[in-house]
Amino acid sequence: MSQALREFLLKKAKLESLFKWGVRWSLWPVHLVTSCCGVEVAHTSGPGFDAERWGVLPFHTMRQSNVLLVEGTITRKMAKVLKQVYEQMPEPKYVIAMGACAVRGGLFWNSYHVVQVDTVVPVDVYISGCPPTPEAVIRAFMMVHNKIKGKPGPYVEPVKVDLTPFLPPPPKPPAKPAPQQAQQAPAA
Amino acid sequence: MQKTEWPFNLEVGRTFFVQSEEELRGGGRGLTLVVGPQHPGSGHMRLFVVVDGDIIVDVVPDPGFVHRGVEKLAENRPYWTLIPLVEKASIMDSMNITYPLILALEKALGLEPPPRAKYLRVLMAELSRVRTHLYDLALLGVFLGHTTAFMWGFALMDMYAEVFAKIAGARTTIAYPVPGGVRRDVKPDHVEAVKRLLEVTRRKLKDFKTLFLDNPVTKARLEGVGIVDAKKTAELGVVGPFARASGIDYDVRKVHPYDAYGDVDFEVVVEKDGDAWARTLVRWREMYESMSIVEQVLKALPEGDVIDQALLFKNPEYRREGVGGVLGVYTYIYPEPGEYLAVAEATRGATLVHLWATGLQRVHRMRFVTPSWRNLRAMVEAMKGGRLADMPAVYMSFGYFPPEADR
Chain E
1 MSQALREFLL KKAKLESLFK WGVRWSLWPV HLVTSCCGVE VAHTSGPGFD AERWGVLPFH
61 TMRQSNVLLV EGTITRKMAK VLKQVYEQMP EPKYVIAMGA CAVRGGLFWN SYHVVQVDTV
121 VPVDVYISGC PPTPEAVIRA FMMVHNKIKG KPGPYVEPVK VDLTPFLPPP PKPPAKPAPQ
181 QAQQAPAA
Chain B
1 MQKTEWPFNL EVGRTFFVQS EEELRGGGRG LTLVVGPQHP GSGHMRLFVV VDGDIIVDVV
61 PDPGFVHRGV EKLAENRPYW TLIPLVEKAS IMDSMNITYP LILALEKALG LEPPPRAKYL
121 RVLMAELSRV RTHLYDLALL GVFLGHTTAF MWGFALMDMY AEVFAKIAGA RTTIAYPVPG
181 GVRRDVKPDH VEAVKRLLEV TRRKLKDFKT LFLDNPVTKA RLEGVGIVDA KKTAELGVVG
241 PFARASGIDY DVRKVHPYDA YGDVDFEVVV EKDGDAWART LVRWREMYES MSIVEQVLKA
301 LPEGDVIDQA LLFKNPEYRR EGVGGVLGVY TYIYPEPGEY LAVAEATRGA TLVHLWATGL
361 QRVHRMRFVT PSWRNLRAMV EAMKGGRLAD MPAVYMSFGY FPPEADR
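Quick mapping for you: the protein sequence lines, in order, are chains E and B. For the first sequence, the working numbering begins at 1 and goes up steadily by one. For the second sequence, the working numbering begins at 1 and goes up steadily by one.
Everything labelled a hint here was simulated from the structure, so no lab data went into it. These numbers come from a predicted model, not from an experiment.
Simulated coverage check for chain B against chain E, where a stretch passes if three residues somewhere in it have a Cβ under 8 Å from a Cβ of chain E: (1) 55-69; (2) 78-91; (3) 154-168.
Beta carbons: idealized from backbone N, C-alpha and C, even for Gly.
All chains should be modelled from the sequences, with the hints used to inform the complete structure.
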């Protein structure tokens with residue numbers, strides 16, 4: 001019944017912009033405080049850069065929040081949990097990947113235990129930085145606001161660049177040992 | 001095969017879900033709670049807590065959710081890139097946690113930092129120590145429910161972040177030391193900023209004490225909770241201020257003084273009780289000791305270079321000023337083959353780096369032992385026998401930081 005009421009309010013009474021306003025200004029992130037970036041999110045909720053001015057209150061449980069703020073490195077062991085956390089969130093939900101580790105693996109990109117976040121959950125906003133400053137985190141929330149409103153945010157398409165003319169020449173292979181050394185070794 | 005104990009007798013792939021929640025164990029009842037990895041704390045860590053009514057009977061920890069393989073990654077990178085890698089274990093403590101790596105690398109490369117660099121390193125180390133203690137106390141506050149303590153602690157930490165940004169260029173991950181010295185010099189207005197910061201910290205810490213430590217609710221929640229006596233502390237291998245809170249008088253800065261710690265005068269703070277309140281008091285008093293060390297260092301800061309002269313002689317083409325400056329000379333220096341061990345006192349305990357270098361620029365093996373990992377067993381033992389509501393208090397009174405423990 002509440003679905004029917006919701007549809008009525010959205011279509012007939014045209015209250016969609018009111019709903020969007022409500023969702024925008026009370027985005028409570030589940031802060032998945034993995035590691036280093038958690039310190040900067042704690043700074044964001046702290047008095048210096050008070051994120052609660054924009055309605056951003058880091059909340060304990062994911063069942064009552066719209067935004068998943070993935071901070072830091074997601075390991076293989078944690079990826080299963082991340083998927084569970086994402087599925088437990090109610091609609092409408094958004095995901096912010098914070099920090100270099102969440103974007104593409106960061107400093108630990110070739111580790112055996114690190115996964116890229118966008119292979120596990122669909123990401124809406126990426127923040128780069130290691131760790132990103134609290135101003136960048138707040139700017140990411142502004143980008144989520146734009147996304148909720150329907151306006152396109154800045155979008156950067158990764159481009160493949162051919163770097164082979166710029167690379168140094170490959171190292172020369174080591175010289176082969178002379179045959180007389182090979183004969184002396186078994187004798188000695 | 002012998003049947004392993006619960007919950008490890010579940011098959012691979014099924015350990016995520018608890019199979020039997022209630023069970024009869026020798027007459028008692030045990031209800032297993034999974035304090036899952038996603039919790040609003042300082043990192044991902046799972047605890048399987050078996051409770052009987054309200055009393056915790058058994059705790060099985062499940063660390064490793066933030067294990068990034070720092071030791072394995074260190075085998076394939078040039079040695080000068082290991083500093084940011086090691087620093088990410090505990091970024092608010094960044095100077096202290098990279099200290100043993102730098103000491104070991106300097107032994108391997110045969111470099112000796114000049115006196116000014118030694119004093120600057122001690123300065124940043126003690127500022128990082130104050131910062132980490134503020135972080136730990138703020139998180140202890142928020143674990144107990146005292147969100148104002150969290151806000152005040154982080155307000156002070158923000159000021160430290162700004163001062164770090166002035167001195168070293170970044171708010172948290174400063175990567176300040178390099179083998180042979182420090183990365184940047186300190187200008188006079190940075191020294192003024194540090195002095196003002198210390199004044200403000202002392203003023204605000206008085207209010208923080210009235211708010212948080214003199215609070216009867218905090219005392220009631222922390223006194224007598226999670227007691228680990230001195231014998232058990234030594235058996236379980238606890239390090240750092242958590243061992244000093246049980247009466248063990250051991251501080252690496254006094255036992256093996258490194259850099260300028262032999263020249264400064266400070267006391268090692270020891271408490272006898274071994275409960276969470278003693279651990280909080282030890283960290284509180286250590287903040288004041290660290291601030292007095294910073295003042296002594298600022299008074300006695302010698303003039304001179306901040307990087308070893310020998311680096312310039314190794315490759316005289318490298319210029320001193322400019323982008324990167326003299327730091328590019330590391331591409332021409334190779335460590336001597338051998339094993340090098342260095343220990344330093346990070347904020348949460350003694351940190352150890354054991355380097356095994358062959359003649360290449362990649363180290364062959366780096367073993368990195370962090371204090372949170374060594375305190376894990378003691379934290380788990382301290383939780384047993386207490387009530388369920390004491391679990392977060394014990395967790396944060398041990399200052400357990402999962403990225404540091406899992407590396």
